[in-house]
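Protein chains: 2
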Amino acid sequence: MNSEFSLIEILRARASLNASRLRKLIRGIGDDAAAFFASEGYENLITSDLLIEDIDFKLSYSAPDKLAKKALAVSLSDIAAMGGRPRFSLLALGIPRAHLSNDEFWREFMNGYFEVADQHNVALIGGDTSASPDRLIIDSVVIGECKAEASIGRNGARPGDGLFVTGTVGAAATGLRLLAGPTRPRRSSELVERAIEAQLAPVARVDFGASVGECGLVSSMIDVSDGLAQDVSHICVESGVTAVMDFEAVPIAREVSLIETEQDRAFEFAVSGGEDFELAFTADASSEPDLNRIALECGIKLTKIGSIEAAKEAPIFLRRNGESMPYRARGFDHFAV
Amino acid sequence: MNSEFSLIEILRARASLNASRLRKLIRGIGDDAAAFFASEGYENLITSDLLIEDIDFKLSYSAPDKLAKKALAVSLSDIAAMGGRPRFSLLALGIPRAHLSNDEFWREFMNGYFEVADQHNVALIGGDTSASPDRLIIDSVVIGECKAEASIGRNGARPGDGLFVTGTVGAAATGLRLLAGPTRPRRSSELVERAIEAQLAPVARVDFGASVGECGLVSSMIDVSDGLAQDVSHICVESGVTAVMDFEAVPIAREVSLIETEQDRAFEFAVSGGEDFELAFTADASSEPDLNRIALECGIKLTKIGSIEAAKEAPIFLRRNGESMPYRARGFDHFAV
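Which chain is which? The protein sequence lines are A and S, in order.
Note that this note's numbering has the first sequence beginning at 3, numbered continuously upward.
Note that this note's numbering has the second sequence beginning at 3, numbered continuously upward.
Just so you know, these hints were derived from the structure itself, not from any lab.
No incorrect hints appear here.
Identical chains share a label here; the pair holds if one copy fits it or two copies do between them.
EDC-like cross-link-like pairs, simulated, lysine to aspartate or glutamate; straight-line CA separation at most 20 Å:
| hint | residue 1 | residue 2 |
| --- | --- | --- |
| 1 | K60 | D136 |
| 2 | K149 | E42 |
| 3 | K26 | E42 |
| 4 | K306 | E325 |
For reference, chain A alone in the conformation it holds in the complex (with noise of 0.2 Å):
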């Protein structure tokens, strides 16, 4: 590859396989702008996000595959926590000229990103190329669906609802400090490798954030990205509600102890890690037994971590042996870091 050009050419070949099996896509790439059809008695659903070179993500961490994995997965995981189910997505590129004709890194990438895409049916249908003067830019847009009227924001959380994640809360930070740090880890390299594919290469909840969407059980959901408790105390704000948070309930992954074994910081960190791409939610607190059918369907772990109460002086309290506190979430901040 030696020009913008061709790489949107190979782009468009393999983006054409990848989305000749969807119906109501009427324009892929190639034309000034994708052109498709709405479903009937559906809403669309729309996100973007950017990932920057040695602030999102570092080419020495991770490999062409897993980047481009992850891309897709962090848009995909926006739109299950609408309720929603992906369709189309777009991939903007800014390439240092070194990597353009980089032909290795490039099918690398495109295997990763149409590994995803295939698995839950989406169809590349644009995006652009830019050169970059030194770093690697990706923006990942993905569309998505659900029914009229049944989309899930944040701002639906009410009083006497349960608070749910699924599954795990940590390991991805694990694996960044792993990776990051001069920590050596101190547990088996199974769990190390654990820690540090939860980082690279996160699994969106697609399925089960598309079937509790359907099911209409929901009343507020998010996913997982600036660390639970912000996430969380984002719901809050938003519904004018507080969360009452279980210190016990709180499903820490395993991966954590590989840096924090004592209880009180490994809570902190798990539940400040960002990245993790889990679903947190709330719902009627009757609707259990039909939630956790539904992960069982989806393969998933689910947990109930607490329930919403009114508006107390803050967005989260911590509820321990018997006492709730308020919680001040620290989040993850790109610009703080």
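Once you've looked at the hints, dock chain S against the given chain A.
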């Protein structure tokens, strides 16, 4: 502004003013994804344009408001080139730390962005922010619509069609040359200002694009971003035809005379210069009066610059003094500069 979240809050407040009058928007900024209804009987159109500092713009050339106007205009132009009308936008920003706290910069940037957005009833509904190590990065996404089965691609040109272009070509490239090069302007400063304005704050042909989309008379269309000759050859390659362009007919911007006065070189410069954001299109010759009427209503100039013939040995032939010769388009490839 001192963190990612406060910038998002400010954008959100400004965007909700801008979105408040729009029906069919379900969820704007503030959720994991934006949600909107498609209009019944319409296609959705979507485009993404990535602008990277020191490649696609220089902050030393461009004031923040003009930069923002251009970022939006290039995407509006893509929607226009499909015969569509823009509805929504997303903005992904990669922000160097030094810029984040520059309130004046962001105030001007937003003023420019929303001036163009408001003018065309476009609502900013989402996006992303990330830190950037050093360069400002903008990914501009616009969603539009056109009547079902009516989007205008690059692949519909037919032998017998006329070839048309709006406005003039070459002014934006002249402006870039004036800004970048040692070339000193030889004419009035008003013309210099116009050339620089054409480069820094181009205007997309939003109304004309949407109007010809509605009239159904246009067989293929593209916006002039890579240079007229190269963009017309994109149409020809996708349509499997050859365009015969009349040397005398191509409307060269008066600004080009600031740097090229010799006729052949001025032509070459004008048809190779990118970023004019005019619309080049093909239509049955009998449609010319209707197209002229639409152009008049939109207050823009329209010129027939040639015709479409069956495919020959080159995508473009140039007709001059009664003779037609293959013409090799030299366009603007970001990676070549």
